Structure formats: structure tokens, C-alpha cells
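Colleague: Work the whole structure out from these sequences, hints included.
Listed in order, the protein sequences are those of chains A and B. Quick note: my numbering has the first sequence finishing at residue 361, numbered continuously throughout. Quick note: my numbering has the second sequence finishing at residue 1334, numbered continuously throughout.
Please keep in mind that the hints were generated in silico from the structure rather than gathered at the bench. On a predicted model such as this, the values are computed, not experimentally measured, just so you know. It is possible that part of the hints are untrue.
Using C-beta positions, here's what the derived DEER-type ranges look like [claimed, not checked]:
| no. | chain 1 | residue 1 | chain 2 | residue 2 | range |
| --- | --- | --- | --- | --- | --- |
| 1 | A | Ser361 | B | Gln998 | 36 to 42 Å |
| 2 | B | Asn1212 | A | Arg331 | 50 to 56 Å |
| 3 | B | Asp1322 | A | Ser310 | 35 to 41 Å |
Which residues of chain B face chain A? A few of them, derived with a C-beta cut under 7 Å, are [stated by the list, open to error]:
| no. | residue |
| --- | --- |
| 4 | Thr1142 |
| 5 | Ser1144 |
| 6 | Tyr1145 |
| 7 | Gly1208 |
| 8 | Pro1211 |
| 9 | Leu1216 |
| 10 | Met1328 |
| 11 | Pro1329 |
| 12 | Ile1330 |
| 13 | Arg1331 |
| 14 | Leu1332 |
All residues carry an ideal CB built from backbone N, CA and C; glycine is no exception.
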Amino acid sequence: MAVPGIVAHLDLDAFYAAVEELENPELRTQPLVVGGDPRGRGVVATANYVARRFGIHSAMSCAEALRRCPQAVFVRPRHALYREYSRNVWETVRGIVPTLEQTGADEGYLDVGEVAGDFLAARVIAEAVQTAVRAGTSLTCSLGVAPCKVVAKVASDARKPAGLVVVPPGREALFLAPLAVRRLPGVGPKAEQRLHAGGVETIGALAALGDDELKRVLPGSVGAMLRDRARGIDPRGLDLEVERISISVENTFERDISDRERLHDELRGMAEEVAAALQRRGQVARTVTTKLRYADLSIRSRSTSLESGIDEAATIGDLGCRLLDRGLRDRPGALRLVGVGVSGLADFRQLALDTS
Amino acid sequence: MIESETTVGADLKITCSKDELVQGLSVVGRALSTRTAIQILSGILLEASGGQVRLAATDMELSVRAVVAAQVEGEGSVVLPGRTLVDIARLLPAAEVTLEHRAAESVVHISSGSASYTLQTFNAEDFPRLPDFAESETFSVARGPLLETITRVARAASRDEARPVLTGVLVQFAGDKLVMAATDSYRLAVKETALGGAAPDLEAIVPSRALQELARIAGDVDEIAVGVQENQVLFAVGDVWLTTRRIDGQFPNYRQLLPESFEHELMVPRAELLDVVRRAHVMIQRATPLQLRFADGEVTVVARTHDVGESRESMPVPFTGEPLEIGFNAEFLRDGLESVDGDDVKFKLISSLRPAVLEGEDDFTYLVMPIRLPG
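Modeller: Okay, here's the thing in C-alpha cells:
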């Protein structure tokens, strides 16, 4: 656990819907709902901003969404595709802020304190993250920057989409005070009901509760925790992954490349870097992934898994090139970027006979 | 001997037993190409003449031919979509089936009882010419020793097409001895088998898949005929023929891969160890190694998978000296223990990073490379 002094919460804007719009630009101007069957019991996973104008929001039943907006386009979620985009977003973010805690496909906390000395610098970093994510994936995200997680999370939601809200130290309680209690992370429908019954409507009112009142309205440790949060106090640090679960290298070209041999050469060069990283760590990988980005910025990746782990550049390169060929067979076109990565890392290594 | 010449242009018309047709089609269906890039390879060739219909399928690596007795009203040949034909035949309602080729319409009518089908045909002229015994040097091998050697060796071959030579089994006939060897470079299986009769000297690398198919179709015959050509090996099991491409290249010098001396040689009850390994295997996910911890008088088999859990089981073995911890791919070890013959297996070890060898009561050697454990 790391306790940073400056933390940012990043939230991709209408993530699933935004990906669907990228994959099919015609949807951009139409009310779009990603979720279940509107004729069944499905619920809305994400609605784009056009659809939100009709009052459609996440977790609403699709049937209700259809009633509110009969002309809405309903699409089923394509999680494999979202994962590809998500992976790309977080790789991009890591390029700027290396230490982060991903809490979902579309959100996470960034240890901005590690790369920025103060809140002015933190704002610049946050803007750089937004720019890089947009340039790298064509997706927009909103960020909240604050001294602690809870305030950063509320701040990222304050000015969506593509918003950036910085709450410097000392201003946390002031920032939270006017907002409805329901906006405070940790306040669910039940707590909201109890708070309302006790006359507490805003986060500020919760923060102002005395100990006795708090015990009456929200007994137990949860009450104290929520009041701390309402006051902008949140001791939680970033939950960091101890182990790296993948290693990858990618390269964006100055000009799109369609020449297969050039692409293979690029890929083999990157495989050398990946293999060197594996060997430094004394690890082997069982999955090789090749990533392709086309001129229209859409991303495809292809993976293959092996029976035993590898760490040799030539093998990673060979497999990577085969995956590239497969990807280009499925969808031909000039590439803006290729990348090769390995996952399924393990510390043990299947030894081999010299059968050469 | 079967003629492989086809009479083009004539219209085939046959009536035969449904069950016999299904049996024949199921056998040749194993050679159908699963890749559909070349359409004709997804087809089954039917050739009718002289009271029988001959069936053939090939994916260019492997071919299988079978013969079905038939009442032939029209001689000729035709190629039909293989999968569909196999599926249709299995479901036909009556004991007899009639197939009639109407070349002018490029269709075959299939009728059996109340059911009738019309199937589009492929052009029989496009069907590849298959290797013929008449053009091969041939000899016979007893079925038992041949199949036993295949089943114990072939699964050590590689499935990775990146090194074609390792997807094959080295087959050597030398005097009255048959030797087979296969390795995927993580393990090596070698078996020498006495044939009880001399065969001509021969050395070929044969796709492991073809040999495993041969084992599957070699039913109740005493002898299997072997034919050899420059690029092909042929097997005849009764009137079922299987031919396979020979793999080009140099098979690794496997004798060199076998260590000459070992630190430990333990006799271990085979079935007991196999059970321990099978129980531990349940806990293995991905390529997590099985850990064998040898200490004075016992071995402890540990399987530990992150996020899943751990298993641990000990059994007495005559081990002495410094404790030895060695990791293996559980499947490789299990394969080896299953392939060895006899009540006891001789477990030969050098160190945790050197090959281990399993031997049984007959002339079979299974080498398995360890997995380097962390730390």
C-alpha cells in the first residue's frame, strides 16, 4: 500500500458506448444504449451522452430506456473489444503515471504525487493524461485530482465528460459540502435513506454532524468512516499490484506501414526488448500477444498460448509475426502501430533437450 | 489390389448395406481436411466397379481408403462433400442405400427407405492421385508389436508445427527389430520391439498423427502390410489403406540425449506413483510444475497453483542421500508413467536441472526434462 500525497481518479466517459461509437462512427449522433435486450429483462450498461439527454442512465432497465427513447439504438456489449481498448488506455496512462491502481476496465487511481511535486504540476500531468488517452485511443476521460481517493473520485465525476477538477489540500470539505450525500462513495441507497430521515441532505451536513447525532443517524464504524470521508479525510492508499502480469513493447510509426517485411522487422526488434525484460526478471511467458492499430485508430490484438513458457527473442518474434499475419488476414490495412507483449508470466521454466 | 485409376465420365450407380457404408465412410472420414481452402480435400472419392465401391479421403498429408461391397449397376467415380455424406449416411432409415450419380446435372441422388437426398458433386478429376502399393517396396509386420510401439511412443511427439521434424516419429526397421522414437524436446520416448521375423531395413520420419490414426483403425487383423516410397509410407490393414507423407529432415540424434550415468536409480511401484501424480494433477493449472521432493525413504509430491490451492502426498521410495527437489510438467510425468510397462518403474535421476528417465520391464525409455523451480 502506498499513501500518495496527490491522487487522481480517472474515469473513462461512457466507456462502452464510446468504444461502440469509435467502431461505428454513425452511432455518434444517435442515442446509443449498450446493454441487454430491450424486449427482455436487460439493463443499461452504458448510454452515450445523446441517450443521456433522454434520461437514460446505467442500471436502468432497457425496457424503460426504450420507453424514454423509442429511436435509441441498442447494442449488446462486446467485452473482448472493450478489454482491448481498456488495456490500451491503461498502458497509455502508465506511460505518464507509472504507479496506478486500476479499479475497473474504465476507472482507476493514479499516484500523481510520484511524478508531480505540487498541485500545479499535478494539473499539468492530469491534462497530459487526458491528451495522451485521447491521442492514443480516441477515448475521452475525466479526472479528479485531490489529496485523497474519495475526493478525487467525486471530483472526476463533477464535470463529465472530458472534465478535469483539481481540489487542492485544505479545500476538500468545501468542495464536497454542497453535493448530495448520495454522491459520496460509500453512501448506498440504505445509508442515503437513513441520512435523509435524519435531515441530512448534503455531504456538508454529514460532515457537520456531532458524535451523538451521527450515532443516532448512522450507528457503527460505517458512520464514522462516512463522516470522515465527508470531511475529505480518507486514509486509503493505492492498492498496487505487487507482480507485473505482463510485459509489452509497442511502437507508433511516423507514417502508417503496410509493408509486411517492415512490420515483421519492427516486431522482431520489439520481441528482443520483451525477451530481455523477461530474462532480466528470470521469468518465462506462456502467452504472446500482438497488437495492431489501423489508420482509423481502431485496435485489434491476437494472442496465442503455449504449453510451456518461453523467454527467447526469436520464439517471441516468430509467434508475434504469425499473429500479425493472422490479424492482417482477418483485417487487411496499413498499420499505425504494432506492439508485442507477453503474459502468463511464471518463475519456473520448462527445461528442454537440445534437439537442434 | 485396388486400382487407383478412375473412370471419368461414366455414371456411378450402386446399392449397398447402410451399415457397411457408414463404417467405411467413418474410417476414411478421419483423413478429411479440416481446412477448407482446397475444396476437393473436403470431399470423399467414391469409385465403383467389380462388385465394390472404394472410398478415399486425403488432406495431402494423410490418406485413408476403404472398400465396401456393393451391387454396382453403373461403374464410375464421383467426389461428394465428405462431412455431409458421413452425416447423411449415419442417419439413413433403411438397411440399404442407393447412390446414383447424374453427371450431367453434377449431382448424386441418395435414397434409403423413405429418405432421399440430392448432393452436389465435386469434380472427380480434381481429386489427388494417391500413393499405390503396386509402386512400393512392401513387407508385413505383426499388428501387435507395431501398435504397441506406436501407442507408447507417438504421444511424445510435438504438436508444434514450427519444427515439423518433431511432429513425426522416427521409425526404424532393422533386422527383426522395430525402433520408434519421438520427442517434443521436453520429453523423449524410445521403444525397441522384437518383430519375431525379419523386415527390410528402413528408416522414416512418419507424422505422429498418421500413426495414431493407424492405431485407431487397425482392428482385428494379424498382420499389417507396410509399403515404402521415397516420400510416402503406406499401411494396409485388411482392405483399409492408410498412406502418409514422410517428413523431411534430420531427426535429432536421440541416443546422445540420453544421459550415460545417473545419481539415483529407484524402483518405485508404478500404479501407486501414477495414482499420486493423477491426484496431484487435479491441482495443476496452466503449466504449474508438479514438485517431487525426494528425501530418505520417501518422495513427497506437491502441486501448488496460485489462487487455487495445494495438494501434498507422500509415498515410500528407496531414496538415500542428499534430499532432491525436482519439478515436472504433470502431464509429461503422467504420460511417462502410463507408457512404462510393468509393476515397478525405474526412476533415474541426476539433479533438479538434469533429465530424469523412466524405464519399465521391457525395452522402453522415457526421458523427461524437469521444470526449473524458482529460488
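Colleague: Please flag the earlier hints that this structure goes against, numbers listed from lowest up.
Modeller: 2, 7
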